[in-house]
Amino acid sequence: MLLKLLKTVDSAIKRIEEAFLALSILAISGLIFYNVILRYLFGGGWAPSSELSIVLMVISTFIGCSYAARKGAHLSMSAIYDVDFISIRKRKIFMIISSALIALFSFVLAYYGALYVRGNFISGRGTFILDLPYWIINAFFPICLFLMGVHYLKNIYINIKEEELYAGPEEEAGGRF
Amino acid sequence: MLPLILILLFVLLLLGLPMFIVLIVPTFFSILIFEPRLSLTVMPQQILDGINVFPLLAIPLFIFAAMIMSHGKTSRQLVNFVSALVGHIPGGVAHTTIGACTIFGAISGSHQAAVVSIGEIMFPKLKEIGYSDSFNLALIINSSDISALIPPSIIMILYGVTVGASVGELFLAGIGPGLVIAFFFMIYAYFRARRDKVYVKESFNFKAVAVAFKNGLWAFGLPLIIIGGIYMGIFSPTEAAAVAVIYAMFVEMIVYRALSPKDLYKVAQRAGLINAVIFILIGGGQLFSWFLSYSGVPRQLIDIVVGIDPSPLVFLLLVNVIFFISCMLIEPAAAIIVVTPLIYPIAMGMGVDPIHLGIIITMQVAIGSATPPFGVDIFTAMAAFDKKYLEVIKDTPVFIGILLIIALLVTVFPSFALFTRNILM
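If you're matching them up, the sequences are chains A and B in order. Residue 455 is where the first sequence starts when you use my numbering, and the numbers rise one by one after that. Residue 748 is where the second sequence starts when you use my numbering, and the numbers rise one by one after that.
Just so you know, not all the hints are guaranteed correct.
[What the hints assert, rightly or not] Examples of chain B residues lying across from chain A (beta carbon under 8 angstroms, computed):
#1 Val772
#2 Thr788
#3 Val990
#4 Ala1015
#5 Ile1027
#6 Leu1028
[Unchecked claim] Listed below are the simulated DSS-like cross-link pairs for lysine-lysine, each with C-alpha atoms no more than 27 angstroms apart in a straight line:
#7 Lys458/A <-> Lys608/A
#8 Lys525/A <-> Lys954/B
#9 Lys546/A <-> Lys1135/B
[Stated by the list, open to error] So the derived label-pair ranges between C-beta atoms look like this:
#10 Leu1171/B <-> Leu492/A: 26 to 32 angstroms
#11 Lys458/A <-> Ser1007/B: 31 to 37 angstroms
#12 Leu492/A <-> Ser1040/B: 36 to 42 angstroms
#13 Arg469/A <-> Met1172/B: 55 to 61 angstroms
#14 Met1095/B <-> Ile540/A: 43 to 49 angstroms
#15 Leu459/A <-> Lys961/B: 41 to 47 angstroms
Since the hints were derived computationally from the structure, they do not count as laboratory data. Glycine residues also receive a C-beta, built at the ideal position from the N, C-alpha and C atoms.
When you get a sec, could you build the whole thing from the sequences and use the hints?
This is the structure in structure tokens:
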């Protein structure tokens, strides 16, 4: 019952992450292009466009950070997992150790991120033009790093339970793009 | 403190932790142990500051534009045009690969994108005509390096933003050395084709060139917009990148009808993921680099270098070696953000042109990422073509040799490194 609930929540988060990543890059392209057009046709740009673009990029960086953990797509030096003269068993042990370290440091970062966001909240500062509160923008940092840690804990669990080497559902490790 | 940092970096790197965590962990322990008065909330603060930079937005936008074009028909049109042009020369298919990677560099900022999108089209053709897999893979990953020098280039944007140099000038300067490399690769491919007796099937046909040119016309518009627009001061590199995205959407969705809105959404999602992964690395790199300068490492380095007092040339050769080695080991983006701030003040003190330094670094980053043992392009190729590590690296030495000779020329003769900028500006 609890497991089923977790799965529903997880797939909802995944959908939101995917939609945000896709829509924000489209929006950034549109905003900056719109600004160029305005400047050349009407002689003046729309000042908030660059600010909004960068805010979207910051938020989607952290959302993507959690999504990349889900996909095993973080840039890393994956040499020991790609070569086959190390046995699967040994690679599995390395994978479990590294997943544990990643989860640990994601939680550490999420903790200090939360402290930092609390500081933002108390100071109440906002962005230069639109005065969007920084604490809301920066809150994605601790939230998404926490989620990232959870995904790596899940990797450990699957690696212990299953036979094969598991780095993410679509195994995209190693900076492949 | 430095030994602790280096050991941690090395161990975590080998364990395959994400690169940004590899950079954050040593900083975390160093602050904890050596700078206890610093609040650890400086970590999120520096990471956020590193990402919150408007000119960096050019990177995700160029990546997005390139992904739209490689999912659509543009890369194939480029290959067809280059093939019609050089396909009849001995080694024609290899020449096509080199030429297509060079032109693809002009629409994409990422050399890994070139490995995948040009490689996937050319690999079967090279195999069919009788080249060995090792040669094909070496050719593809090394030709892709050229696209790091041809604007737009993500490496150059990162360097320009990190040190505050003009990205537009870097773009113009990169064209020259990029074309020289392509030329020497073609000479090698020519002799290699004669030696291995690989013959060509096609003969030169002016009509075929004209048709391929007409079909590829839309694809050629993009480099014109990017380079022309930045060159004439119509827009900044970031704006050029946004225009490139809209142009790519227009060409692929409306002109070629190769991309449906649903495909676009999928591509955008994938681009968003890649961008996030690069940006978080930039954030981690910023934190690490900030901590090094906070604890006075650049100052100490300057003192050491001033003590030895090398000539600028010796220093620049050293820069080559440092970047060559670091890019064999770590992600190029991380190498630029971390190492460049250490080297830049020394180089400026010696009167080195910041653009010259940028071209040297870009070249070494590109070479290092295709060099064994850990160059990222090797792993990209292993994944994309499902080949073994040793097969990918077997034929790389000659290409790397050519690249290193040109890197030496670029270092020794600033006028050679910067000739396209000097002509165009």
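Evaluation of the provided hints:
no. : hint                                       : result
1   : Val772                                     : holds (6 angstroms)
2   : Thr788                                     : holds (4 angstroms)
3   : Val990                                     : holds (6 angstroms)
4   : Ala1015                                    : holds (4 angstroms)
5   : Ile1027                                    : holds (5 angstroms)
6   : Leu1028                                    : holds (6 angstroms)
7   : Lys458/A <-> Lys608/A                      : holds (15 angstroms)
8   : Lys525/A <-> Lys954/B                      : violated (47 angstroms)
9   : Lys546/A <-> Lys1135/B                     : holds (20 angstroms)
10  : Leu1171/B <-> Leu492/A: 26 to 32 angstroms : holds (29 angstroms)
11  : Lys458/A <-> Ser1007/B: 31 to 37 angstroms : holds (35 angstroms)
12  : Leu492/A <-> Ser1040/B: 36 to 42 angstroms : holds (39 angstroms)
13  : Arg469/A <-> Met1172/B: 55 to 61 angstroms : violated (49 angstroms)
14  : Met1095/B <-> Ile540/A: 43 to 49 angstroms : holds (45 angstroms)
15  : Leu459/A <-> Lys961/B: 41 to 47 angstroms  : violated (59 angstroms)
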